[in-house]
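> Please work from the sequences and hints to get the whole structure.
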Amino acid sequence: MRDGPAPLLDVADLKTVFHTRSGDVHAVNSVSFSVAPGELVGVVGESGSGKSVTMMSLMNLLPGAAEVVSGEVLFEGRDVRRMKRRELLTLRGREVGFVFQDPMTSLNPVFTVGRQITERLRKHMGMGKGAARGRAAELLKLVGIPDAERRLGDYPHQFSGGMRQRVMIAIALACDPKLLIADEPTTALDVTIQAQILELIKDLRRKLDMGIVWITHDLGVVAGIADRVMVMYGGQIVEQAPVGELFARPQHPYTRALLQTLPSVEGTRTERLTTIEGQPPQLDAHPSSCAFAERCPNAFGRCMTENPVRLDVGHQHDVACWWDPATGEPRNV
Amino acid sequence: MTAEAAVEAVEDRPRTLARDVWSQFTAHRGAMAGLFVFTFIVLMVTVGPYIHTIDPTYLDFRARNAPVSWTHPMGTDNLGRDVLAQVMQGGRVSLLVGVTAMGIAIVLGTLIGVMAGYFRRLDGPLMRLTDLFLALPILPLLLVIILLFRDTLRTMFGPEAGIFLLVVFIIGITSWMQTARIVRGDVLALKEREFVLAAKSIGTPAYRIILRHILPNVLSPIMVSATLGIATAIITESALSFLGLGFPSDFPTWGRLLFDGKDFLDLTPARVFWPGLVLSLTVLSVNYIGDGLRDALDPHIRGR
Amino acid sequence: MSEASPRKLVEVRDLRMYFDIHKGILRRKVGEVKAVDGLSFDIHEGETLGLVGESGCGKSTTGRAILRLYDPTDGSVVIDGVDVAALDAGALRKARPQMQMIFQDPQASLNPRMTVADIISEPLREHTDMDAKARLARVRELMDAVGLNRRYADRYPHEFSGGQRQRIGIARALALNPKFIVCDEPIAALDVSIQAQVVNLLEDLQRKLGLTYLFISHDLSMVRHLATRVAVMYLGKIVELAPRDALYARPRHPYTQALLSAVPVPDPQVEATRRHIILEGDVPSPANPPKGCNFCTRCPKVMDICREVVPEFREHTKGHVTACHLVDQEQDASPLRDNDKIEVQHGEQL
Amino acid sequence: MFAYTIRRLLFAIPTLLAISFIIFAILDLAPSDPTGNLPLTIPPEVREQIRASMGLDEPFAIRYLLWLNQFFINEPLNLIEGWTGWQFGDGDRLRVTSWATRSPVVDLIIERLPQTLWVVGMSQVIAVIIAVPIGVISAYRQYSWFDQIGTFVSMVGFSIPTFFTGLVFIVVFSVNLGWFPSIYDTNHRVTDWDSFVFQIQQMIMPTMVLALATAAQLSRYMRASMLDNLSADYVRTARAKGLGERVVVWIHVLRNSMIPVVTVIALNIPTIFGGAIITEQIFRVNGIGQLLIIGIQGADIPLVQTLTFIFAILIVLFNLIADILYGILDPRIRYE
Amino acid sequence: ERASDGQLNIIYWQAPSILNPYLSGGTKELEAASLVIEPLARYDEVGNMVPWLVDEIPTVENGGVSEDLTQITWTISEGITWSDGTPLTAEDAVFSWQYCTDPAGGCAQLSNYTDVESVEAVDDRTIRITFSVPKPFPYGPFVGAQSPIIQKAQFENCLGERAPTCTDENFAPIGTGPFVVTDFKANDVATFEANANYRDPAKPAFATVNFKGGGDAASAARSVLETGEFDYAWNLQVEPEILRQMAAAGQGELVSAFGTSVERIMVNFTDPDPALGEERATLAHPHPFLTDPAVTRALSLAIDREILVEAGYGDAGRPTCNVLPAPEIYASTNNDWCLEYNPEEANRLLDEAGWEMGSDGVRTKDGERLSVLFQTSTNSVRQGTQAFLKQMWEQIGVETELRNIDASVFFGGDQSSPDTFQKFFADLEMYTNNFDGTDPERYMANWACNEIPSPENQWLGSNMPRFCTPEYDALVEQMGETAALEDRAALAIQMNDMLMDAGAIIPLVHRGGVSAKAASLEGVLMNEWDSELWNIADWSRAE
Ligand SMILES: Nc1ncnc2c1ncn2[C@@H]1O[C@H](COP(=O)(O)OP(=O)(O)OP(=O)(O)O)[C@@H](O)[C@H]1O
Ligand SMILES: Nc1ncnc2c1ncn2[C@@H]1O[C@H](COP(=O)(O)OP(=O)(O)OP(=O)(O)O)[C@@H](O)[C@H]1O
Ligand SMILES: [Mg+2]
Ligand SMILES: [Mg+2]
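Residue numbers (our numbering), protein chains in the order written: chain C, 499 to 831; chain Z, 1258 to 1561; chain V, 9 to 358; chain R, 13 to 348; chain P, -12 to 530.
Treat the hints as calculated values from the structure; they're not laboratory data.
In this text, all values refer to a predicted model and were calculated from it rather than measured experimentally.
One should not assume that every hint holds.
[Said to hold, decoys possible] Away from chain R, derived, C-beta distances all over 10 Å, residues of chain P:
1) Ile44
2) Gly51
3) Gly72
4) Asp175
5) Arg209
6) Gln224
7) Ser243
8) Phe245
9) Glu297
10) Asn329
11) Gly345
12) Asp426
13) Ala477
14) Gln481
15) Asp484
16) Met485
[As the list claims (entries may be wrong)] From the structure, some residues in chain R lie toward chain P, with a derived Cβ separation under 10 Å:
17) Val58
18) Arg59
19) Leu179
20) Ile182
21) Val187
22) Asn199
[Stated by the list, open to error] Restraint ranges, calculated between C-beta atoms of paired labels, are given here:
23) Phe14/R with Asn157/V: 57 to 63 Å
24) Arg36/V with Arg267/R: 32 to 38 Å
25) Glu468/P with Ala64/R: 30 to 36 Å
26) Arg1385/Z with Ala236/P: 53 to 59 Å
27) Ala271/P with Arg1349/Z: 38 to 44 Å
Glycine included, each C-beta is placed from N, C-alpha and C at the ideal position.
Take a look at the structure:
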């Protein structure tokens, strides 16, 4: 499956645990994936499935209670988890850009937007004050904020939600990163603004040739921009395929259910929505069974005793499920 | 969300809020230690005098400035009074002052805070009133009020009860403002919460919204203010004693004992050490209990 | 569709809700946020009117003003023959059981310190004289109706999942057998997999109990699924109101068009070929709306007249109302032909 | 912001007037008497005469208005004259006069301000210097041993009355160790290095007593505020930008955390003046707190009235400052 | 040699608020001012009058006092100058009199000029004072710290109403004393330097004086006895064991002297029952039981005064049974029965008088309980004493309720306050009183009938017990006409005994002053009759 260019990011067997008062939460369980340069990988999954935690684990941006217990993160072949502090800072600052979930709170309210952009430029691009300002204004223009020069002096609260999200993108893009990780950057926004931003990203991606990881739980968005999609459930990647392939031949029961629950603005209107019954899994122990088994219409004995491994089903498509939808029978592996 | 759902999946027995709070509270080590110490002190001052039966006001001239011994576990003072007996007696008063004054402050503060927060029309006047009280310099006023009303109260309730009421009243009436402000802030936010809107859409009248929806939800800042209130009231009482106000000198309180004993630091250190220790321990334990309560009552923390 | 002419349950006329802005040394009123600026529409008995629009355009305010949770600045709201906008406190309280609301955030709309049974029985306590036993029986009934396990009656909201919490909210709204329910983004805070459950529940209940919904949402695909007719709001005004299929198939107002085109479709093939209308800029502030048409600052088809004259709200085809100069002009050029057809189609569909 | 400030100032006026009236009235009702502390050998007639010479026989309203006039018009004019050398009228205005010293109250207060400001001011500075790092580190390493000990110590500091700490300080550092003087020399002038050292020595104990009590409280606020902010999303953003931990904590988080703390500090200052009363008493700093106590003990009503009222003004003023600071520090409020 | 011993550090824990003794009657002000301004004659440490700015004390014998006792003539010594170099003249004395007697000035020392008809400057150095009545003891004006001479040139514009506005003058009077004010901070600190024009060129030994105030007595004592920061500390009303322990540090020592101060219990002969309303504590209603001498005598007998002294006063107190304990010749010995602590006798007396012990331990007679309300001013020693008394009286079946009132209220004499010692709305009250100088005439007149406080005289009056007998009044009168010292002494003793027998006053402790001085300080002669600092010019630092 990795036959394209050498991967920009390669993650293997990543495990992250939250140590809380009421016990450990295994938020990420043996996640492996890779991102090629210039590739846009969409990550979908329901709330709490570990999308954000996975991405934060990569660059060690987890909150205090969390711990990456195992796994390997290679960025251009360099092992991120064994990096020295300084090297890690440079990696975060120069080569990776992050856009976080909530634009309303992700900017520091007491510093001007200009300062929050130039800060990064000055530290990691070694720019002087003036140069950094110039570049910051350029960036704001790039993300489509009018009157950029003047708005550098404004504070975050003077921007609307959509504009703040664009500022976040500007910060993320400031040092021409090789990898952009965007964590639900449009979930909080209106559709029209979301459309603006999606357009912007498509545009930038063409221009800058970045690898992008785009987290969302909106399958529509994924369908619109991603090259490849990963589906997460219960802290694991349960399915992974190029976008067309996934929508055309979803393999995992969760993915299939998800696609069916969605009404659409176009096409035929369903009379009744399909639902996924049951509760999301509890993450208090390392899984010994399939996390989706309890809600799965096709679950059978093996699902309860053995956590499925990811199986290649061809067309660069792999899935972690013991059951084969094509045959309607368990896979024999 | 998942965590809560998870909780639900595991436990089927119905749980109550109180039990939840309690289990969270017991997980707080400091708070439990505080509760233990506080209980111990309360027991000491309530049950103690039945075990150590020396009359705290009895002057045993031959035993003045006695060192620590079995008969006088904390020694005696310069007039031969037993310090332990006084500490226990004083503790009753100090604790009672703390609790009652705090009670007044909390009731007033909550009432005014809720009124100001909930009724937009009352907000302005009540907050001005709060500002006014905040801006009143307490100390001189305390003095004057005590001087003014001491006699009336004394004749009405007797010397000790009278001054007790006065001290408690004054501390209470001058320390509700913080609570009022905090409560008002919370009520302002709560008022906009959808469950209050939901109650309104049902047609629940204002007073019942306040009782049913607002008050229980401002409970946690109130509880925290309450614990802080006990602590400050005890300290304020002792400061009053320091300035020669407050209770008559033959009526021990912890502050009074400290004040009277401070010059004897070299001679009979036990006389200052023990009241100082119980005073500090009480304030400390109450503060820790407050800390624990805050955590336990905070749904954000509890939810996780 | 108009032949059957179902009874109008709710009639909103020229509803306005302005919030005052105070500024300066003396806190004098210096302006108003025109959150809702002259809405008129009807809701028929048994139908679902979808209300869509961007964040901050005044959807929630509309819903609340209709239920008299805000005192409207102007206009009338007649629900079942009673003008609730003009009722006094006592009469309003009596009218409350008729109309209920389901809220956006299931967490925030439930008092975290009350048990489920308490929450659901609160309306019963306020409006009926049932005793505790009768109330509990009714609560159980309601919990069954919304698909909550009866055993959970004395649990607290935080012990439930989002979807379950929303069910509690729905049960509370149903307690007094209301005719009309305002659903203020009841699914926005829910996960995709749970949204469907709640929407299905709402549909089932409507069918069973003959409820009338005002369904507020910014999720156009859900609205398409659920609503009978759809109103599109922009900056305090309705810009387009039409039967659902007419609106989705043939949006007329440029804003509606942009909105629909911006909704991503979960199908890579469709997405690859779809043309998105990308609007420039942000929504203006309702405190300071532009002169003329509210949409003129972002409209891709803006004309000079739009910056001057407020477009009128006109019913060009039966049941399809638009407020747009462009539509007016097109209409004038080619009076009523295409639209007749469309209308007929819709009539059949409904 | 400006309008807001002006508005607050305007609101302060009726509040202050109300307070002035309350203070005046309550103190006037007080049964204490300026001649109460005179030796008993002074016969009653003489006492009567002394009272009359103090203007005690005027009716209440007149005295109140007179006092208002003196306090709000005459004294400010005098101060302006003193500072600028300008002359308004004949300069012979009736002033608020203390009964005990027979001298203008305002002069007494001005004379005492330096030591109070020095001690209270320094204690605040030291309190902040102690409290901020403790609060920051406690929060940054929440539940570490540093945090636990910090919490414990600050709670202990919070729960011991200052009169007690002060005394222990004197016994330990003055009597037993002989390091610092137990009595503050208000006449001391700093002229050279040695006198500077002495000034520091004599300030250490009163300042520390106050500072410790304040720091205990401040560090709690600081910690809570830091905890709030450390988990905020923008911190993650800052880290993601590749900023070092030091910059993240000491610039991004601290700046935000200081917003509530600074207002707490500002609100605290008037109470410190109150708390300083006891400290001043213990170390003979003889600042305005001690003046107040003497005034109360000596029933020097004009002095007490003026001082309490000045305290009230300070409280109102610092409330205002707190609010304005809040606005200045927090841009969300600044552009209201 | 003048100004050779550096700085003298004095601490008065109550700080002086003004340096003009005419505008403040407080001891602290008087004593601070005594460094600067002086009277014509002073009392020495044993109470003898010594000429100060004059060469000799005028008497009838040396012709200084007229035969009819209405005139006294003082002659200022040669060459006495103010610190500004101008000579002290009789005019200054005349001015001092005018200054104090101006009705609008509010002079606190007015009583020193009682009955003075005129003060004249006969010549530059001769002052003649004329009294309106014969004065057997004509040494009121210009004798002792209470009535010093102020400079006319300085205070000329400060007469009457203007007195309080002269802040500069009041804070830095010019005097003839050994020191000159250099700086004065009211209620805080005063600094002085040696007077260059002082009459004795070798004095004072100290170049400067730092006169600090504030804090409390215990810490003032500590600063002299333990830390050695100060040389002299005044009025150390501290528990004796503390003082003793501090003195053990060796930095300094305690000095004490006895004057006329007596801590006493005043017995209310009138009924303070609040139910009486307006007539509360007036002669209209005699006290239900305190007028019974058996009761007061029993109360007195049941007091172990030794314990009170030991617990509260130490070396600065001794038990006394007289309200007039000094000077020596005035002290009665007829009441010494009370020195012996004798509860049995007290119980016997009460039994005899028909007071029967009740089941609750309180005696009753005709339904009247022996229950007293006992008030005093707030002060830890007094509260200790109160507690002891309460316990001692419990032994004889007397129930005591204690009350303490802030001193400024208790002694404040405010019409509206019910808590003043003059209203005496209690059964017993305790405080200390004394008299200035050595002559008890005015003091003993305190218990005349016309001195009884009542609503009619706005409760002004010094006869707190409301004791009133014609015999006593007659003695008061007689004393005003008697000149010979021995006769005056006999009269005083007689009056003292009369009060004791009636039980109007229960004396407890003869109180002395205690001060502390640094070990290195020499020349201190503790004086209770005049300013403690009376001879500060003679103080010096040991080598
Ligand atoms: N600070 C924390 N403490 C404990 N558990 C946490 C914490 N943060 C996240 N988790 C848990 O980790 C799991 C994964 O969370 P994550 O935020 O990655 O989900 P997500 O897929 O990003 O969801 P969403 O779509 O809602 O953003 C969840 O079960 C969550 O409860
Ligand atoms: N109480 C209020 N005071 C002042 N302005 C208000 C108030 N409530 C709402 N507004 C303003 O009115 C406008 C409409 O708000 P409303 O909440 O109705 O929008 P909405 O369409 O429901 O948005 P969302 O999709 O975010 O819920 C907004 O600009 C809002 O800022
Ligand atoms: Mg996430
Ligand atoms: Mg809304």
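> Decide, hint by hint, whether the structure agrees.
Now for the hints, and whether the structure bears them out:
1. Ile44: Correct as stated: the minimum Cβ-Cβ distance to chain R is 22 Å, above 10 Å.
2. Gly51: Correct as stated: the minimum Cβ-Cβ distance to chain R is 26 Å, above 10 Å.
3. Gly72: holds (26 Å)
4. Asp175: violated (4 Å)
5. Arg209: Label violated. Min Cβ-Cβ 7 Å, cutoff 10 Å.
6. Gln224: Label holds. Min Cβ-Cβ 15 Å, cutoff 10 Å.
7. Ser243: holds (19 Å)
8. Phe245: With a cut-off of 10 Å, Phe245/P remains clear of chain R, as the shortest Cβ separation is near 17 Å.
9. Glu297: At roughly 25 Å from the nearest Cβ of chain R, Glu297/P sits farther out than 10 Å, so the non-interface label holds.
10. Asn329: holds (31 Å)
11. Gly345: Holds: least Cβ distance 36 Å, greater than 10 Å.
12. Asp426: holds (12 Å)
13. Ala477: holds (24 Å)
14. Gln481: holds (22 Å)
15. Asp484: Correct as stated: the minimum Cβ-Cβ distance to chain R is 22 Å, above 10 Å.
16. Met485: With a cut-off of 10 Å, Met485/P remains clear of chain R, as the shortest Cβ separation is near 21 Å.
17. Val58: holds (5 Å)
18. Arg59: holds (6 Å)
19. Leu179: holds (8 Å)
20. Ile182: holds (7 Å)
21. Val187: holds (5 Å)
22. Asn199: holds (6 Å)
23. Phe14/R with Asn157/V: 57 to 63 Å: Check passed, 59 Å falls within 57 to 63 Å.
24. Arg36/V with Arg267/R: 32 to 38 Å: With Cβ atoms ~34 Å apart, the hint holds.
25. Glu468/P with Ala64/R: 30 to 36 Å: Since Glu468/P and Ala64/R have Cβ atoms about 33 Å apart, the given range 30 to 36 Å holds.
26. Arg1385/Z with Ala236/P: 53 to 59 Å: holds (56 Å)
27. Ala271/P with Arg1349/Z: 38 to 44 Å: Given about 43 Å between the Cβ atoms, the range holds.
Checked against the numbered hints given earlier, the structure breaks hints 4, 5 and satisfies all the rest.
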